[in-house]
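Q: Okay, here's what each chain looks like letter by letter:
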Amino acid sequence: MGAEGAHIKGREGVFMAKSWLESTTRFQIHFTVYDSEAQVTLPLADGRTKAFDMRGLHIQDDGRTNRCPLYVEVKNCDTEGGQGQQYEQYLRDCYLAAAKQRQDGVDQETEFMWLTWHPFSLGKWSRLCTEEELRSALTSLDEALVDEDLIRALPARLWLVVLSRRQQEMTMGDRLLGEIRRILTAGEAL
Amino acid sequence: MTLASAVNEYLRRPGDTGFSDAKAVIVRALKSVHEGGDFHTTDYFNHSFIPDIVGSWPTADEDREERLFFLRPHHHVEFIRGDLRRLASLRPSFISLSEGDPDLQEIEDSLDAPVGDVAITNTYALGVLGGQKGRLRRERLAAALFLRRARGIIGEDEAKEVDGAAVGFEAAMGAESAGVVESLNVFAKFLQEDAAAAINRYMYYLWTSATAAAYPGAIPADQWLEREEVVEVLRYLLERGDLENERFWGRLGKQVTLDELESLGEVGPTENLQRLMGFASSELRTRAVHVDRADGQPSLELDTRFLWSIRDRVLQVANHSTVLRVVDDLRRLRGVSEDLQGPTMAELRNRISGYQLIKVALRSTGFEADLRAVSETPAIQQRDLNAVADDIDPTAEVIRATVQPPTVGSPYDCDFRRSIVQAAREAEADEPLANLVLAAASLLANVTDRERYRLREALGLRTVGEEL
Chain L
1 MGAEGAHIKG REGVFMAKSW LESTTRFQIH FTVYDSEAQV TLPLADGRTK
51 AFDMRGLHIQ DDGRTNRCPL YVEVKNCDTE GGQGQQYEQY LRDCYLAAAK
101 QRQDGVDQET EFMWLTWHPF SLGKWSRLCT EEELRSALTS LDEALVDEDL
151 IRALPARLWL VVLSRRQQEM TMGDRLLGEI RRILTAGEAL
Chain R
1001 MTLASAVNEY LRRPGDTGFS DAKAVIVRAL KSVHEGGDFH TTDYFNHSFI
1051 PDIVGSWPTA DEDREERLFF LRPHHHVEFI RGDLRRLASL RPSFISLSEG
1101 DPDLQEIEDS LDAPVGDVAI TNTYALGVLG GQKGRLRRER LAAALFLRRA
1151 RGIIGEDEAK EVDGAAVGFE AAMGAESAGV VESLNVFAKF LQEDAAAAIN
1201 RYMYYLWTSA TAAAYPGAIP ADQWLEREEV VEVLRYLLER GDLENERFWG
1251 RLGKQVTLDE LESLGEVGPT ENLQRLMGFA SSELRTRAVH VDRADGQPSL
1301 ELDTRFLWSI RDRVLQVANH STVLRVVDDL RRLRGVSEDL QGPTMAELRN
1351 RISGYQLIKV ALRSTGFEAD LRAVSETPAI QQRDLNAVAD DIDPTAEVIR
1401 ATVQPPTVGS PYDCDFRRSI VQAAREAEAD EPLANLVLAA ASLLANVTDR
1451 ERYRLREALG LRTVGEEL
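First to last, the sequence lines map onto chains L and R. Numbering-wise (our numbering), the first sequence opens with residue 1 and increments by one. Numbering-wise (our numbering), the second sequence opens with residue 1001 and increments by one.
I should point out that these hints are in silico values taken from the structure, not numbers from a laboratory. Small disclaimer: the values here were computed from a predicted structure and weren't measured. We treat Cβ as the ideally placed atom computed from N, Cα and C, and that holds for glycine.
If you want the footprint, here are the derived chain R segments under chain L, 3+ residues with CB under 8 Å:
| id | stretch |
| --- | --- |
| 1 | 1041-1051 |
| 2 | 1077-1086 |
Pulled from the structure, derived: some chain L residues nowhere near chain R, Cβ distances all over 12 Å:
| id | residue |
| --- | --- |
| 3 | 44 |
| 4 | 84 |
| 5 | 118 |
| 6 | 128 |
| 7 | 131 |
| 8 | 146 |
| 9 | 151 |
Simulated DEER-style distance windows between Cβ atoms:
| id | chain 1 | residue 1 | chain 2 | residue 2 | range |
| --- | --- | --- | --- | --- | --- |
| 10 | R | 1185 | L | 86 | 50 to 60 Å |
| 11 | R | 1066 | L | 175 | 14 to 24 Å |
| 12 | L | 107 | R | 1331 | 52 to 62 Å |
Here chain L stands alone, though its shape is the one from the complex:
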């Protein structure tokens, strides 16, 4: 697949991920990297920046009182590809982004999601969102950037999701989503 093809596939993946996440009614995706890279980019504690694919909110059950910022990495893959290595770098960037927020005193308990269509690193799949795996991703980190409290807290803010190509068939259809839309646009509480 050429660069343009990969680009189109990437955009299709982001669109599918966005519409699926929003159809759960528990996520709102405000920007994608295709809208504005600046809007999905976070500064990292080591001075770099990281552009995610999407930025939005994770909404708690009451819908209003707790809306955590959410950054999503989307992998529209048909194979494992290089996801294992990319995920390790992603974990490190998530940690550094959260660390930067703590340093700046603006820690909003941002959540991070890796959303793919193909699983990877199956030998340690069940551990990919654990403290152990995070520590492993941070082994070469400058000691000044290590925050033990954050290392313990961050795994609870990590999401790892594998979507099916038939994911849309597992969500509410247009009729039911239309009812939700009717309620929400009328300003009624759910």
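Since chain L is already given, all that's left is putting chain R on it; use the hints.
A: Coordinates of chain R only, in the frame set by chain L:
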């Protein structure tokens, strides 16, 4: 600063408040395109299936029509395809907020199927349709319809095309076939079918008001405009530049209703409104007129021209010192004094020459009588009633009176405490507006029989059933 840059400045702000500020900017832009629309924002931004803004406006059947506006930071073909698949049946409008959008034509070429009744547009198009102050009414009318019912992919150039097509209304009034046809073609391209049909009905309405020549467009199956459409056309006609075409205003004056005029909400004393009211005042029907005297003087200043206007949904005719408000329902009047001084019995007798006093109520004595009942002559004759009235203390303050006008129609109840004249309750039909206005000026503002002709001139009225 363009609308897009203003919006994006807010979007670049950290946190979520930037969304609501950006949406407020868009709502103001939408409002400038369609003043009569209500727009409310949701808590969502750039959502897959929940709109950012819901626009609504009244329709002829008292219901409200809605359009959902989905804001998109950018238009991407892949995203538009999904949006269309999921939302096309709602006939929404997708508005790109991008400061540098890709060519919309490229998007159109990339789509597999036509977008149907969906509008895919951007802030630059909104800017064209609502941005400039002093826009002519014809353009605002076209823009409002466009906002409600646009379809297709519409960028800045297409919006300019729609804006330009609004001259078709002028062409219709000037009976210029080519201009009408050209305009209809543009509207047919960019408006949903039923909205394009409505434009055709506007054109037909204007064309047939202006000329008996054959209409150059397709003669609409339903030639009658819906109420809201009439209101839109009236607003356009009244606020446009002067149109000196007596025949046009004469025909329109026979069609317009008080309800339609009131629905305009606010119209200044334009020359076109004076022209329309010159004809419509003898055709319109109403129940009551309130006279508001600013200076408290006993007689009207008739040397100053009275001008018609519409304020807060009330039709009124006023000069510098006096306002006469015309209403079907007294509850519509606000800020009416409740305990004004009434005329003495002697003053009332001076005012009602030409009228027949048939009921009277006095403040101090509590006297209240139907003069017909106390008349010695069973037949109601003015001479006999006058004789009864002569027996009443001439210095007593009159707070209410009922008179029979010299015109055809029902008696009028005068409430001097509130300065209101209304058709007597038992009246089956509402009164000709001109008659009631004239009666109110005569009875409440002390215009004598001799001055009434001058008043009629000053008001530009043609009363019904009265020999001039």
